[in-house]
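Asker: Dock chain B against the given chain A, drawing on the hints supplied.
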Amino acid sequence: MSRDERGTSLAATLAAVAGLMVMALVVVSLVVNHLRVAQRVGNGMQARNRAESLLALAVQRLLADPDYGRARGPQDTLRLPSEGGGTSVLTFNPDIARMEGMAWSSNNFSEQSSSAPGWQDRVVPASSVHLVAVGRFRGVERQVEAILGVPRYPYVVACEGRLRSNGGLLVAAVDPSAPLDGQPLAPGHLACNGADTVAVQLGPHSRITGDVRAPGGIHLAPDSVVEGSVRSPAPPVQIPRIPLSSYDPQAQGKPQVQVLTVPALQAPILEGYARSDGSLRIEGGLTLEGGVLFVDGDLDLSGGVRGTGCVVVTGRARLEGASGLSTDNVSALLVGGDLTLDGGVGADSSFRGLVYTEGRLLVRDTTLTGVLLAVGTDVELHNSALLQAPELSRVEFPLGGWPLTLWFGQDEGEDEDGEDGEEAEGEVAVDVQRAPDGTYAVRDPAEGVEFSGLTQAQAVARISEFVESHTGESLSQEEIDQVWARLGSLATPEAELPERVVVDPNNFLGIRDKARILLWRDLP
Amino acid sequence: MRRRGLSLAEAVLSGLVLALVVAVLAQLYPLAVVSLSRGEHQLQADLWAQSLLDETEAESFDSLPPGQARQLPALRRGGASYAAVIRAYQPPGTDPSVLKALRVEVSWTEKGADRSVAHERWVLSLRQRE
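Taken in order, these protein sequences are the chains called A and B.
The first sequence begins at 1 in my numbering and counts up one residue at a time.
The second sequence begins at 1 in my numbering and counts up one residue at a time.
Since the hints were derived computationally from the structure, they do not count as laboratory data.
No experiment lies behind these values; they were computed from the predicted model shown.
It is possible that some hints are incorrect.
As the list claims (entries may be wrong) - Computed footprint of chain A on chain B; a stretch qualifies when at least three of its residues, placed anywhere within it, have a C-beta under 8 Å from a C-beta of chain A:
no.	segment
1	8-22
2	33-44
3	97-103
Unchecked claim - Here are a few chain A residues that sit away from chain B, every Cβ distance over 12 Å (derived from the structure):
no.	residue
4	D76
5	S177
6	G203
7	V226
8	P240
9	G290
10	G315
11	L362
12	H382
13	A461
14	N507
15	F508
Even for Gly, the Cβ is constructed at its ideal location relative to N, Cα and C.
Just chain A, same shape as in the assembly:
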C-alpha cells in the first residue's frame, strides 16, 4: 500500500457512518413529522368542537333573546374556556374580532324584509343571524360559521284534523313568477296532525311531489303517487294559530276605518281598513287595493278575490268563482269558522296567497298557490291543486287608500269618510291625505289627478277646482268652511311610509318552533 492509500478503510468507514446517520435523521424526522401531523389533526378536531360548542351556546342565547348582539357592543362577546387549555370566542363586536384575528357575527334577526352587511360585506338576509366562532386548542385554530334563520313555512298543506281527498289532488311547489303550464314541479309537502287510523286519505289520481306525514295512518289509492316519503307515524308539526282579532281594525284602534253598514256589496274595490259589523255578501268579486276587509260574521263571496290585501272573517266563509293568477293578486284569507273555496266545475279558479281556517275546510275545483293552514277539524280537497310558493306563504302589502275622502253633490249630512266605497251618480269624491311635514295632498280619483305639497288654503282651492270641474259649480262658502275644518282635523302621520300589513304564519310561531340552522360549515 502506498503512502497515499493509507487510511482508505477508515475514510470509507466514516463515509458509511455518515450515510447511516443521514438515514437515521430521515427516519427520525419522518417519525416526528408523522406524530406532529397526527397531533395537529386531533387538535384541529378539538378546536373545531370548541368552536361548534360556542356556536351552540350563541344560538341558545339568541333563542332566549333575539336581539342579542344587535348592539355590537363589547359585552356581545362569548368566551368558552375548556379543559386542556382550549378556548373559543364568538363576538358581534368588530373591534374585538380584529383584535382576536377572527370574523365577527351579525344579528339581523329582527329585520323582517331587508338584509344587512356582515363580516367582509357578506349579506346577512332578513330574519337571520350570521354567527362565526373560533376555537383554539394547542396552537391549532378553527373557525366555524352558522346562519340561524327563519325559513318560509315549509308545508303546502298543514292541518290539525283529518284530511280527505276524493281524487285529482296535486300538491307541489312552483315558481309563482313563471307560467304554471310546463313548469317542472318541485317537492311540495303535506302535513297532517290527525292521529286517526286513517288520518290522510288520498283518492285516485292524487300526486304529492314531496312528503306526506301524519301521526295517524295514511291511505293512498292505488294510482295515487307520493314522490317523496310517506312518514307514518310521524310527530305532529307546528301549525300556527293566527289570532283573528289582531287584524280587527276596530280592536287595534286603527284610524280611518271604513265601516260597512250594508249587508251586500256589488263588486267593491277596497283600500285601507274596512270593517263589517255583521255578515256580508259580495257579488261580482272583491278587489283589494292594499285593503283589509274584516267581517265580524259570515261572508259569502262570489266572483273571487283580486288584488292585494287581506280578508278576515270571524264566522264561516264561502268563496265561489275565479280569481286571477296574475302576480298582482296575492291575498290572505283568514277564517274563524268553516271555509269553502268552490271554483265551480270546469272553471279555472285560483287563489294566490295564504288560506287559514279554524273550522272545517272544503276546497273544490280550485288551484291554490301559497300555503293552506287548517287548525280546525277536517279538510276535504276535491279536484284541486295546492301549489307551494314560498314567497306567497307570507303576505305583505302597503295599506292602500287615503285617510280622508270628501264627498260632494249628495244630501247634507251624508258627507262621510269614504263610507261603503261606492260612488253614486252625480257624486264627486276627493281624497285627501297629510304628509309628515304638515302639507296636504289631494287626489281626484275619477281623473287620477293628484297634487301634493299644498298648504291648507291651496288644498281647499284644489278641492274646489276638482268639484267645479265635475259639477260645473264652485263650492259655497259654507262648504269651503266645512272642508277647511275637515282638513284642519286631519292628523299628521308619524311616518312618511304607509303602514304595511303583514300576514305571516311564522309570526305566530314561537322562535324555537320557527328558527332553523340554515348553514353550518367550517370557514377556511
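Answerer: Same frame as chain A, but now just chain B:
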C-alpha cells in the same frame, strides 16, 4: 509494486466505529416504530371519537338524555383494541330543551400503558332530527 494489507489498528478502529453506529441506529428503529404506532393509535382514536360525536349528534336530541351514557362495542384496528363511552350531560346554566353536551372518551392499551382521548361538543336540538 508490492501492496501491503490493512493495518490491524485500522481494521479494529473501523470495526468499532461501525459497531457503535449500528448499535445506536438499532436502538432508534424500535423507538421509531413505537412512535409511529403511537401516532397511528392516537389518530385512530381521535377519528373514531369525532365520528361517534357526529353520529350521536345526528340522532334524535332525546335519544341520549343528559346524565346517561352509552358504551360501544370494542373496535379493533391496527393491532389495538379501542373502547368508547359516550356521555351526555347538561352544561351549567344552559337550557335542556335547546342544548346538551356530548363527551366521547376513547381508550386503548399500548405497550401495557392505558391511553385515552376525550372529545366534547355542545349540540343543539335545532340541528338534530326529530
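Asker: Of the hints stated earlier, which fail here?
Answerer: Violated hints: none at all, because every hint is consistent with the structure.
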